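Protein chains: 2
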Amino acid sequence: MNKVEEEVLRKIKPKPYEVEKIERIFSYVKEKLENKIKEYGIEAYVELEGSIAKDTWLSGEWDLDIFVLYPKRLGKLWVKNEGFKIIFEALKDMSHEIAYAEHPYIRLNVENVEVDVVPALKHDYAWEAETVVDRTPFHTAYIRSKLGEEERDQVRLLKRFLKGIGVYGAEIKVSGFSGYLTELLIVQYKTFRNTLAHVAKDWRTGFVIDVEKHYSSIREVKEKFKEHPLIVIDPVDPNRNVAAAVSEKSFSTFIAASKYYLRMPSLNFFYPQIGEVTIKDVMKEISSRDTDILCLTLPIPKKPSDVIWGLLRRNLVNTVNVLKKFDFKIVDYDVWCDEEKQAVFIIELEKAVLGSTVKSIGPPVFLEPDATYFLKKYLESKETIAGPWIENSRWVVLKKRKYREAKELLLNRLVSQCLSSVLKEYIEEHGFEIYVNNEIRKYVEKLGSKDFIVFLTKFLRKKPLWLK
Amino acid sequence: MNKVEEEVLRKIKPKPYEVEKIERIFSYVKEKLENKIKEYGIEAYVELEGSIAKDTWLSGEWDLDIFVLYPKRLGKLWVKNEGFKIIFEALKDMSHEIAYAEHPYIRLNVENVEVDVVPALKHDYAWEAETVVDRTPFHTAYIRSKLGEEERDQVRLLKRFLKGIGVYGAEIKVSGFSGYLTELLIVQYKTFRNTLAHVAKDWRTGFVIDVEKHYSSIREVKEKFKEHPLIVIDPVDPNRNVAAAVSEKSFSTFIAASKYYLRMPSLNFFYPQIGEVTIKDVMKEISSRDTDILCLTLPIPKKPSDVIWGLLRRNLVNTVNVLKKFDFKIVDYDVWCDEEKQAVFIIELEKAVLGSTVKSIGPPVFLEPDATYFLKKYLESKETIAGPWIENSRWVVLKKRKYREAKELLLNRLVSQCLSSVLKEYIEEHGFEIYVNNEIRKYVEKLGSKDFIVFLTKFLRKKPLWLK
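Residue numbers (my numbering), protein chains in the order written: chain A, 1 to 468; chain B, 1001 to 1468.
What the hints contain is simulated information worked out from the structure, not anything from laboratory work. There could be a bad hint or two in this list.
[To be verified] A few chain A residues that don't get close to chain B, going by computed Cβ distances all over 10 Å:
| no. | residue |
| --- | --- |
| 1 | 104 |
| 2 | 229 |
| 3 | 302 |
| 4 | 402 |
| 5 | 416 |
| 6 | 450 |
| 7 | 468 |
[As the list claims (entries may be wrong)] In silico DSSO-like links for lysine-lysine, alpha-carbon gap of 27 Å or less:
| no. | chain 1 | residue 1 | chain 2 | residue 2 |
| --- | --- | --- | --- | --- |
| 8 | A | 458 | B | 1377 |
| 9 | B | 1324 | A | 402 |
| 10 | B | 1329 | B | 1442 |
| 11 | A | 201 | B | 1377 |
| 12 | A | 173 | A | 458 |
| 13 | A | 280 | A | 458 |
[Unchecked claim] According to the in silico footprint, chain B covers these stretches of chain A (three or more CB under 8 Å from chain B):
| no. | region |
| --- | --- |
| 14 | 246-260 |
| 15 | 326-334 |
| 16 | 355-369 |
| 17 | 418-424 |
Computed from a predicted structure; not experimentally measured. All C-beta atoms, glycine included, are put in the ideal place defined by N, C-alpha and C.
Model the full structure from these sequences, guided by the hints.
As structure tokens, then:
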């Protein structure tokens, strides 16, 4: 381990007082739960799961996952209703909120520690599990059985690295590497360094890792799991790809950053510094750059984080595709969202205003009725500037462009052609705004979000912070 | 035959005085040739060939093709030297010039009639012929045996129609339908009207006509003759495609014009009227149209017509491809040439000036050494505006565009990348000029060619003259 990694590990390894605090909170909540369970006369276990149970958590990141495991004969409907009710009754006097994943669960805040208390079923095998939470205890047990103290530190380093380069987390917003996936990489490659070495050297789109050798060949895996950049077979359930959420971009970012880190290790990868960001600098960059930046601001309905990010990403891609269809050349695009009220599509174009004429390729002269229809249309049209004429075997025409300005195109077609029904209905009611280049200042000032200014700065810079 | 066709036929059918004049000239030249042949004691025939021999010529188009057919045992080298010498000696006292095709021949001017006197070999079968001229007598004989008086008039109508729509002639400049091909279409389809009806209804790219049914199936023909829009098997030599010179554009123009003529017959197809053309109107159209017109003027070496047109067309396509490679959107292009000294590439672009930035797609992050090379290059480059960043699995960069202006691009790359060696050497010595939009006026005025103004007018209009 080199100096950089030693320094990082010093920072991220949990301190004794943290461990003590976490254990104390767990004991407290556990006792409350067990008392209530006893009242109901049910046979259930209260267990710690997740990174704290596996001892792969990072200092300062105090997220407790406490599972109440009920007998499997009770079934998932019972868990959802009765199982949840027992937990709720046990903890309702504490500071809490009700959260929803596949099932409802309780989120407590105890001494600034986030504690999720989740009802689940206790199965004999992971592949029996019907829900994500029922599978979790098997993941916990597997990782605990495979990782020694040394390797748990290696997981910590890898987690911090993935966080630093922006690809840690399976949620749609990040579309990166989950905690369990990170742990499996260390099970496979043993150390942080060795992981990076293999990622840099061996990984290509469609890479397969089968830690427990559940399959006899890569080919067998490839036939079963299609179109994912990375396929990591779940040791406890061979039908699952643990890396299904990893996007091509996250996958490629990990490869590129691994190569760069190995050439020149630096704290920068673990703790990227964006430096000072100001509206002034952002606006200066926008006005000096000879591209056009378009911000489309949308009010959004309140939805779970993954729902809203999935929706926004899909709708952004639709929007960009409509722009491309009308000949706009896209440099880059991204979406920002406060997950509460407001989202922004930011799109950079080579030019947001095109020439007023466009050549349009029609049908082959011998294809009827298309040829006659094309000729009739353009011989009579006021939009025709020259022609129609014959090029090779086709009719073509030079005509006025329908939409010269990207803004005009979106004002006309965003709702009807770019948005899916949920956003469409919401936007039809609440409206949207489009700001181009210098106009963006108005919006940024009104929004007053430092996070958005950081987002804009990164969007304009584009270069990953670890790339020097 | 409708009124239009009757009127056209009245105009194009040779008048008795023309026939008399042609016959008189042929007799005169024939006698001179036969006297000289007799002197040399050689057994040879003097024959009329071509459209006059076949009686398919048009009034006013007095081109006599007189062939001197020598015994085949003398061979083509003898024809080229001795055979030519005999003709030359017979006619050297008349107004003449020496012309070159595969062999040299004599071109006379007798009472404003162009008379080509060509030495050739007399074979027993067309497929024995090694040269185009040796094959000609078989074509003449075939057509004479197949066409009656009625059908010869139908050939005349079809020729005039093809001339009118601009696709008559197998020379590279036109890349259209030869006289012999036109005659074969009437052998196949009997009348002008029926030809147009079949062309409009049946013709598609790769259409096959095998008048004498030399092949057992279309498939057999398709396997032998590839990639021509039209395949017409030569009745006298089944290995030849008589329509090999027909371009996709000429082929398609014939189809489209046939459809339109059948819907609404008009003199316009036979005698297209461009109307009055002036520099003023051309320049007004150029400056009002929101595209950019670029004229590249080249001095050209003296070469046979087909050589220079072939060269110019290929070089124009190269030039357009270089423009496309650098992101310029091409509306249309063509070449004008006086076949003496001067040629002009005219290229219409959506915009002749592009934005100053361009997004450049690099290699996948895992592809080495490409990825490292790309990063090194753009991390250090002053051309880099933003990035490099990762998009899907690739590195990409936003950089300064190398050539913003089409003119600048061509000034830099025309000679090195667009021209083939013949033109390249000539242009390196004599230079070239580029005129954009309003600058074109200077050149047009200096050139002072009505033909070029007509060419420019048609280029801007684009719409075929027969299309209303």
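Going down the list of hints, with the structure as the test:
Against the 10 Å criterion, residue 104 (chain A) stays outside the reach of chain B, whose nearest CB is about 37 Å from its own CB. The claim that residue 229 (chain A) is not at the interface with chain B is violated, since a C-beta of that chain comes within 10 Å of its own (minimum 7 Å). Once the 10 Å rule is applied to beta carbons, residue 302 (chain A) is consistent with being away from chain B; the minimum gap is 31 Å. Listed as outside the interface, residue 402 (chain A) is consistent with that label: its C-beta sits roughly 14 Å from the nearest C-beta of chain B, beyond the 10 Å cut-off.
Chain B leaves residue 416 (chain A) outside its interface by the beta-carbon criterion, the shortest separation being 27 Å against a cut-off of 10 Å. Look at residue 450 (chain A): its CB is around 22 Å from the nearest CB on chain B, clear of 10 Å, so calling it non-interface holds up. A cut-off of 10 Å between C-beta atoms contradicts the statement that residue 468 (chain A) is not in contact with chain B; the least separation is 8 Å. Taken as a hint, the residue 458 (chain A) and residue 1377 (chain B) pair is honoured in the structure, with Cα atoms around 21 Å apart against an allowance of 27 Å.
For the hint pairing residue 1324 (chain B) with residue 402 (chain A), the CA-to-CA distance comes to about 23 Å; that is within 27 Å, so the pair holds. Annotation: proposed proximity of residue 1329 (chain B) to residue 1442 (chain B) holds, straight-line Cα distance about 26 Å (limit 27 Å). Distance hint between residue 201 (chain A) and residue 1377 (chain B) is fulfilled; the C-alpha atoms sit about 21 Å from each other, no more than 27 Å. Of the pairs offered as hints, the one joining residue 173 (chain A) and residue 458 (chain A) holds, with about 16 Å between alpha carbons and a cut-off of 27 Å not exceeded.
For a cut-off of 27 Å, the pair hint linking residue 280 (chain A) to residue 458 (chain A) stands: about 15 Å separates their Cα positions. Residue count for the region 246-260 of chain A with a Cβ under 8 Å from a Cβ of chain B: 8. That meets the three needed, and the coverage hint holds. For the region 326-334 of chain A, the stated coverage by chain B is satisfied: 4 residues place a CB nearer than 8 Å to a CB of that chain, which reaches the threshold of 3. Proximity of the region 355-369 of chain A to chain B, defined as three or more residues with a beta carbon under 8 Å from a beta carbon of that chain, is established by the 8 residues found.
A stretch counts as covered by a chain when three or more of its residues have a beta carbon under 8 Å from one of that chain; for the region 418-424 of chain A and chain B the count is 0, and the coverage is violated.
In summary, the structure is inconsistent with hints 2, 7, 17 from the numbered list given earlier, while agreeing with the others.
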